[in-house]
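Start from chain A and add chain B according to the hints.
Read off the chains here:
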Amino acid sequence: MSTKTEMNSARRSFLKGTAGVTTGLLVGFHMTGKGLAAANSDKTFTPNAFVRIGTDNLVTVIAKHIEFGQGSHTGLATILAEELDADWDNIRIEAAPADASRYNNLHWGPFQGTGGSTAIANSWMQLREAGAKARALLVQAAATTWQVPISEVTVNSGIITHKNTKKSASFGDFAEQAALQPVPEKITLKSIDQFKLIGNKVVRKDIAGKTDGTAIYTQDIKRPGMVTAVVKRPPRFGGVIKSYDTTEAEKVKGYVGALATPRGVAIMAKNTWAAIKAREALSVEWDDSNAEMRGTDQIMAEYKELAQKQGLSSRNDGDSSKAIEGATQTIEASYDFPYLAHAPMEPLDCLIELTEKGAEVWAGSQIQTGDQHTVAAILELKPEQVTINTLLAGGSFGRRGTPDSDMVSEAAMIVKAIKGKVPVRLIWTREDDIQGGRYRPAYHHTLKAGLDDKGNIVGWQHKIVGQSIVTGTAFEGFLIKDGIDATSVEGASNLPYKVPNISVELTTTDVKVPVLWWRSVGSTHTAYSTETFIDQLAKKGNRDPVEFRRSMLVDHPRHLAALNLAAEKSNWGGPVKKGRYRGVAVHESFNSVVAQVVEISLDDGTLKVEKVWCAVECGIVVNPSIVEAQMEGGIGFGLGAILRNEVTLDEGIVEQSNFHDYEPLRIDEMPDISVHIVPSEAAPTGVGEPGVPPIGPAVANAILAATGKTITKLPFSKGMPELV
Amino acid sequence: MITFNLNDEKRSVDADPDTPLLWVIRDEIGLTGTKFGCGAGLCGACTVHIDGEPVRSCQTTLGDATDQNITTIEGLEGKAAKAIQAAWQEIEVPQCGYCQSGQIMSATSLLAQNPKPSDEDIDEAMSGNVCRCATYVRIRKAIHHASDLMEA
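From first to last, the protein sequence lines stand for chains A and B.
Numbering-wise, this note's numbering puts 16 at position 16 of the first sequence, and it's gapless, one number per residue.
Numbering-wise, this note's numbering puts 17 at position 17 of the second sequence, and it's gapless, one number per residue.
Only chain A is shown next, with the shape it has when bound in the complex (with noise of 0.2 Å):
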């Protein structure tokens, strides 16, 4: 989501705003005096914000970044804990509080949240720091006490010692004294060599609690005298309620009222069930004059037209129309890819309670900083008197970072509204979930290109028409440039491959169906048609996919080593047994380089998706097993997504409602998977998203391989429904 230079500036604007970095110490929450290291009143050594040491050894690592199932948790602790050298066991992960002004996400700037797959990556430095820090302070406490050098003082897993003297001691022990130590000037970091954890098999914090029943989520949250609520939403988008008869809700044991709020009419009852049959029997009239009425057929051949017509340019290096007219061969292809939602398997919930200070927040809260900024315009206080409480959440894929707050602000307006005499839980339901937009947008490609007589590219030429994601949002200043969406966009104006004269341009089309990030964000859809493109090509210019693609990545040896290693491990060029057809696909997004190598059957004619070999080049890698978790489920999530999803609509109503027509990939569907990681000494990049581009464009290649002809209508079961 954001450039190497916004990183930067952001970081900087952080240090500044930051008082104690530049003396080599955060701010922690309890300080006792300018200059030491911190402690509170149950002697806990809290060096900075983003860890406690008690006098019990418990190391508590204060993640800010949410858990909702990348891993997060476990590998922002694993940084920490390499760089202070505790013991893994000791380890207690806790959320962090909303605080913009210490758990910011250094690659947005002023913002907390989590998204773009910048966990791990803006927080490595910080964390790396962070623990050295406390180390150093346990050290210096350690030689104090001992009466012996500091570099003679040694911490292996947890245990500080004095080899020289025999003596050693648990971080327990010099909790306190560490706590009264002046800050020291400088730390050094590890080598990489030096590492024992990062790299290494690191038990999963979140694990234990996800297979016993105990991990709480927000729908688990009860608080003395709730009311559980939910809304019945506009069947159109756009819609206003005109009136609402509550005659027969108020019939349902447990109803307890009905209110109108901006989004729909509001139904609270003593439980869920008693809310979810009261919203069934309210009768509500709606004002549809400023909604959406068209149905998606109609939008997406108005995307036609509108592809037809220039857009505003996004790349354009030489004369790409030159080029392909004097070309030998061209090519031409155009493409349909539907609304997505994002379905995560906890339907979206909050809890809002009001307190004397304010108010609590309990939520799967992805954007903490703007949860607490509407939850407070909304109930009228101040952000500092809004506490969030970060809850592991059942999945997001990008859901619930939506820049307005969705769930969180639907909550505060019903608390507003009841003038909080009790805490309200607002819940969805999976209906609401599949037909209450925040979609990935639909969008139209053109793609035209012309080769010479050796089958090179000698102009490129790519247009896509579609909706914008942030614009109106509080991002639109970071991501829109000039007109331009950098997410409708990205993974086509940064097309990796050699070609001479390439133009990209965009259409932003303006229709009232809510839109958000949907994981990969742009690169849901534009890997997939310029990879299925570089395919084609391959094709009429009888070259190898991989050796095409190779020919012209000679600059991008991140892209090159993530193919070669694909290659390399699924034997690409080998035999392949009868009836099995391989595709290949790469594709860099949020600074990692995915590639993918898959192979399909086509036994009676129906598509079967047997193995993928996946690479992944991300830099250093925190946890080998949790990366190799994100590729697996990002092939699996995209998977399931170009086989056969699709949001529709009919004269603005949309067409599904649950996971009998929007159903995601199941178990026996689920190929085989390999994951190789291409070493690295290089920082840390993303990984919760890069694992889901290539996959569709691989199976459409190996598709392709099989039957002579690409799928350009997506979801498959649309564009080649004979094969689904």
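Since the hints were made in silico from the structure, they are not lab data.
Where a beta carbon is used, it is the ideal one built from N, C-alpha and C, also for glycine.
Treat the hints with care, as some may be off.
Stated by the list, open to error - Listed next, with one range per pair, are the computed distances between beta-carbon atoms:
#1 K608(A) - D148(B): 41 to 51 Å
#2 E120(B) - E568(A): 51 to 61 Å
#3 D297(A) - T3(B): 31 to 41 Å
As the list claims (entries may be wrong) - If we take Cβ atoms under 8 Å as the criterion, some of the chain A residues that face chain B in the derived model are:
#4 G69
#5 A215
#6 D220
#7 R223
#8 Y244
#9 K251
#10 N271
#11 E346
#12 S625
#13 I673
Just chain B now, with coordinates in the frame of chain A:
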């Protein structure tokens, strides 16, 4: 009042007989390991056992549950359950974890009835449980591993 056994304890609940067992377990009794995913029997996040058989608690009414022996993730016991949970931890199956109670209930039931399941058996027993994080590769691996643990 409707009475049933939940995790070997007798429970009486005063709610409409048409209330889905899921909401009785979560809202009335207060056990939250059983999750709401779709409310339509399509995802398996709410899977519990009745006499050891996996059922979708969002499609089982309180009335249907009368006098039945119901087990939730909190009350899961026995050799197969222990092996499944140990394998789930060792293989690090969960990502967001929200569907995993349901996955584990289905997998335990499979293993209790078929200690050496094939990939096809696993697909058949587990295809009603959706995981949006797509942890399926590890679910399959963990069930095979649990099978080995039971044998050992």
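Going through the hints against the structure:
no.	hint	verdict
1	K608(A) - D148(B): 41 to 51 Å	violated, 27 Å
2	E120(B) - E568(A): 51 to 61 Å	violated, 31 Å
3	D297(A) - T3(B): 31 to 41 Å	violated, 54 Å
4	G69	holds, 3 Å
5	A215	holds, 5 Å
6	D220	holds, 4 Å
7	R223	violated, 13 Å
8	Y244	violated, 23 Å
9	K251	violated, 12 Å
10	N271	holds, 4 Å
11	E346	holds, 5 Å
12	S625	holds, 5 Å
13	I673	holds, 5 Å
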